[in-house]
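*Asks:* Read off the chains here:
There are 2 protein chains.
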Amino acid sequence: MINSLPLDSASVVLGETDEQSQEDIVEELESEKLGQLLDEMDSDDAVDILDDLEPDDQEEILAEIDKSSKGRADVLRDLLQYPEDTAGGIMAPELLTVYQCQTIGDALSLFKEANENDKIEDIHNIFVVDKHHILCGLLPLKSLIIYSNRKLVKDVMNSDYQYVPVEEDQEVVAHIVRKYDLYSIPVVDGDKKLVGRITADDILDVIDEEAIEDMSHIAGVTQEEFTEESVLRSVRNRVPWLLIGLFGGIVSATIINFFEDSLKLILALAFFVPVVTAMGGNAGVQSSAIIVKRLATGDIHPQYLLSRLSREIQIAFLNGLICSTFLTLIVTLWRGDFLFGFLIGLALFLVILIATVVGTSVPLILKSLDIDPAIAMGPFVTTSNDVVGLMLYLGIASLFIKFFY
Amino acid sequence: MINSLPLDSASVVLGETDEQSQEDIVEELESEKLGQLLDEMDSDDAVDILDDLEPDDQEEILAEIDKSSKGRADVLRDLLQYPEDTAGGIMAPELLTVYQCQTIGDALSLFKEANENDKIEDIHNIFVVDKHHILCGLLPLKSLIIYSNRKLVKDVMNSDYQYVPVEEDQEVVAHIVRKYDLYSIPVVDGDKKLVGRITADDILDVIDEEAIEDMSHIAGVTQEEFTEESVLRSVRNRVPWLLIGLFGGIVSATIINFFEDSLKLILALAFFVPVVTAMGGNAGVQSSAIIVKRLATGDIHPQYLLSRLSREIQIAFLNGLICSTFLTLIVTLWRGDFLFGFLIGLALFLVILIATVVGTSVPLILKSLDIDPAIAMGPFVTTSNDVVGLMLYLGIASLFIKFFY
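Sequence lines, in order, name chains X and A.
1090 is the number of the first residue of the first sequence in our numbering; add one for each residue after it.
1090 is the number of the first residue of the second sequence in our numbering; add one for each residue after it.
These are calculated hints, taken from the structure and not from any lab test.
Careful, some of the hints might be misleading.
Where chains are identical, the list cannot tell them apart; a pair therefore holds if satisfied intra-copy or between any two copies.
Stated by the list, open to error - The list that follows gives simulated cross-link-like pairs (lysine-lysine, DSS-like), each with its CA atoms no further than 27 Å apart:
#1 Lys1122 with Lys1243
#2 Lys1156 with Lys1353
#3 Lys1491 with Lys1243
#4 Lys1268 with Lys1122
#5 Lys1201 with Lys1240
#6 Lys1491 with Lys1231
#7 Lys1268 with Lys1240
#8 Lys1282 with Lys1220
#9 Lys1231 with Lys1268
#10 Lys1268 with Lys1208
#11 Lys1201 with Lys1243
#12 Lys1220 with Lys1208
#13 Lys1353 with Lys1268
Let's have the full structure, built from the sequences with the hints guiding it.
*Replies:* Printed below as a string of C-alpha cells:
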C-alpha cells in the first residue's frame, strides 16, 4: 500500500501512524525506499523509527541515506546516541537561530528562507545564540510582525525562558512544557550550547507513551499489547504475567496448607481468606496510585518517603479501624462469637496497615532506583501482598487458637 | 499570600496552580478580589474556576465582574453553559478572525492591534470566516510574514483544516489535536459558525485530567485525592471504596460458607481460593486495560463488542489452557490425586474465561452508556469477579464431589 504513495505522502503516513503499523510498514519496505522515506521525515520522527530497528538494519538504512545526503545521515546518527526517553531522544535538531547582535530584518530573511526550503515545520520561536552558539534568548514568531526591521534581536528577545538539558528525562520535560504552557522548548548541552528543540506535539506523544507504560505495568501486559491484533502474540505477551500470578497463588495455597490444623479446628477461618486478600489489594492500590501519580507530576519526591509513609499510615490506621470495626461486628453477629469476630477484625486491620506500607514505599523505592514506580500497581506486588496478608491472617488466627480455643 | 501579589501576577498564579491549591485560594479570597482576578485571566481558565463554585457564589462573582465589564461577564456566563468535558467547556472565545475577502494587510493590522491590547495569547492561526461568521479557513501566523500585504486572505488561507463541534467530547478533541499535530483548533456551532478555539496547552490539561480520572477509577479513590493533603479528608475519600470491597468480601465469605460441606470433605479446596480470585483478577484486568486504552485512543469502538470479545476469548482460551495445565500438573503431583488436580485446573480455566468476558465487555458496555470505561478496572468489578469466580470454583468442586468422591 505505502509503496504506491508518492514519497512525501508516504513519509507523512509513516510518521503519523501508530507504532505497530509503523513496524509492519517498515518490515515490508526495501531499505532503499525506507531510506528515502526517512530522509523526507522530521528527523525526530525518523530517529524514533530507526531506534526500533536492529543495529545492522539501522546501519543499512543510514548508508542508504548517506548516498543522497551525508549530512542528514550524520544528524540521525547523532540523535541515535541519546537514550530514547530523554530530551535528546525526542528533540529535533532542525531549528532556526539568529545571533543576538543581528536585527529583526535578518531574522525575517532567515525565516523566509527556511520557509521556502520547507525544512523546518511549526516554528513558534527563533532561538537566539551568541557567537559560541550558546543559547541566550527566544524570539517568538510574532516579534517578526510587531517589531521594526531595524530593531536589534537582543533588545526585543525574550530572555526569561525555559530550556532543558539534553539528558533530561522526557517526563520532566513534559512537565515543564505543561506547567508553563509552552509550544516549543530549546534543548542545550552541558555548555548551554543549543542542540535542538522539542515541540508541543512531541510532548503529547510523550504523555501518551507514559500513560500506555503505566497501564501496561498496572495490568501486567507489554506495551506492544495495546496495538497488537494477533491472538498468538497476545497470548505470548500476557501469559508470563499470568504465570507469575499463578506462582503466587500456589505459594498462597502452600501457606494455607501450612495452617491446615487451625483450619481443621475452625473451618470458618477459610471463609475470610478473600476478605483479607481483596482488602489488602484495595488499600495497597489506593496508596500506590496516589504516590505513582504524584511522583509523575513531580508533586512529591522519593526522598520524602518517611513523611509520605507517616501520612499514609495515619490514613490506613483510621480506615483500618473503620473497616475492622464493621467486620468484627458483622462476624460476631453472624458466628455468635465475639472472640472470633475480633480475631478477623484484628487481622484485617493489620493487613490494611501492611498493604499500605508496601503500597506507599514500593513506588517510592522503585522511583529512587530509577525504575518505573507504576510497577508497584502491577500483578507482582499485588501477588506478594496476597502472600503476606495470608501469612499475617493465618498466623494471628493460629496464635489465637493456641491461647483461647 | 495571593492577596499581596499585584493583580496580573496573582491571576497567573491562580491560573497555573493545581486544582486543590486553586480551591484553597478561591475560598480565601473576597468575591471582589476574585472577580478582579478572573477578569484578568484567560476566559477558559476563569470558567474552569467558576465551574467549581456553588451557583450562588458563581452569580456573586459574575455580578462583581459585571461592574467592571458587562461584556466579559456575559462571555463567562455563555461559557458556563457548556458541559465541562466538551469542546465548549475547554475553548476560549477570544480569537482573531478575518473575513475571507480581506487582505493580508488587513490581517496584519488586526494582529498588531490585538497584540497591543494583549487580549489574545498564543495566536497560531487567524480564523477566516465569511460574512455570516461561518468558518471557511485558517491563516497561520506565518502567512503574515511570507505573503505580500496585497494578497487576498481567501487566496492564501489554508482551506484543508480540522475543526470540532462545540458539543464534541474533550477526549475526542484531544485525539484530533494529537493525530494532526495541531497547536490550535477552531470550535464551531451547529451552523459551522466560529465560536471559539482550543490550544495545545488546553489539550495537555485534558490528557492529564483523563489520566488522573483513569487512575482514580482503577484505584478506587476520588480525583481530589491526588492533590489532597489532609489525612481526614483522605480517609473520607478512600473509605467508601474500602467498604464496597469489604461488602464484596463478606459476600465471598457467605459463598464459601454455603459450600461448607464440600470444604469439610476436602479441606484442600480452601487452599486454592486465592489462586482463583487472583487469577480471575489478573486475566480480567489484562483485557480491561487493553480495551480501556484502545477506546481512549479511538482505536476501537463500542459497537465492535462481539469482534473484540471473540478475540479476547481466543486469548483467554489459550492462556487458560496453559495456566490450567500447569496448575493441574502441580496440584496432581502435590496432592497425588489427578482428579483433584483436574478439578482445580478446570475451575481455573473457567474462571479465566469468565473474567476475560467480564473484563472485555464491561468497559465496552460502560462506554456505550457514556460512562467512563476505566471504572471496569476498579474495585467494584474486581470484587464482583471474586464473587463470581468463587461461585464457579466451589460449584464445580461440589459437583465433582457429588459424582466422584
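*Asks:* All the hints need checking, so say for each whether the structure fits it.
*Replies:* How the hints compare with the structure:
1. In this homomeric assembly, Lys1122 and Lys1243 never come within 27 Å of each other (Cα to Cα): the closest approach is 44 Å inside a single copy and 37 Å across copies.
2. When the C-alpha separation of Lys1156 and Lys1353 is checked against a cutoff of 27 Å, the pair qualifies neither within a copy, at 79 Å, nor between copies, at 78 Å.
3. In this assembly of identical chains, the alpha carbons of Lys1491 and Lys1243 never lie at most 27 Å apart, being 83 Å within a copy and 89 Å across copies at closest.
4. Proximity of Lys1268 and Lys1122 under a CA criterion of 27 Å is satisfied inter-copy only: 24 Å between copies versus 41 Å inside one chain copy.
5. Both within a single protomer and between protomers do Lys1201 and Lys1240 lie at most 27 Å apart by alpha-carbon distance, with minima of 18 Å and 17 Å respectively.
6. Neither within a single protomer nor between protomers do Lys1491 and Lys1231 lie at most 27 Å apart by alpha-carbon distance, with minima of 81 Å and 82 Å respectively.
7. Within a single copy, Lys1268 and Lys1240 get their C-alpha atoms no closer than 31 Å, and across copies no closer than 39 Å, so neither meets the 27 Å cut-off.
8. In this assembly of identical chains, Lys1282 and Lys1220 lie within 27 Å of each other by CA distance solely inside one copy; the values are 10 Å within and 50 Å between copies.
9. Within a single copy, Lys1231 and Lys1268 get their C-alpha atoms as close as 22 Å, and across copies as close as 26 Å, so both meet the 27 Å cut-off.
10. For a Cα distance limit of 27 Å, the shortest separation of Lys1268 from Lys1208 across copies, 21 Å, qualifies, whereas the shortest one inside one copy, 29 Å, does not.
11. For the homomeric pair Lys1201 and Lys1243, the shortest alpha-carbon distances inside one copy (20 Å) and between copies (21 Å) are both at most 27 Å.
12. In this assembly of identical chains, Lys1220 and Lys1208 lie within 27 Å of each other by CA distance solely inside one copy; the values are 23 Å within and 36 Å between copies.
13. Taking the shortest Cα distances, Lys1353 and Lys1268 never come within 27 Å of each other, neither inside one copy (60 Å) nor across copies (61 Å).
This entry does not satisfy hints 1, 2, 3, 6, 7, 13, going by the numbered hints stated previously.
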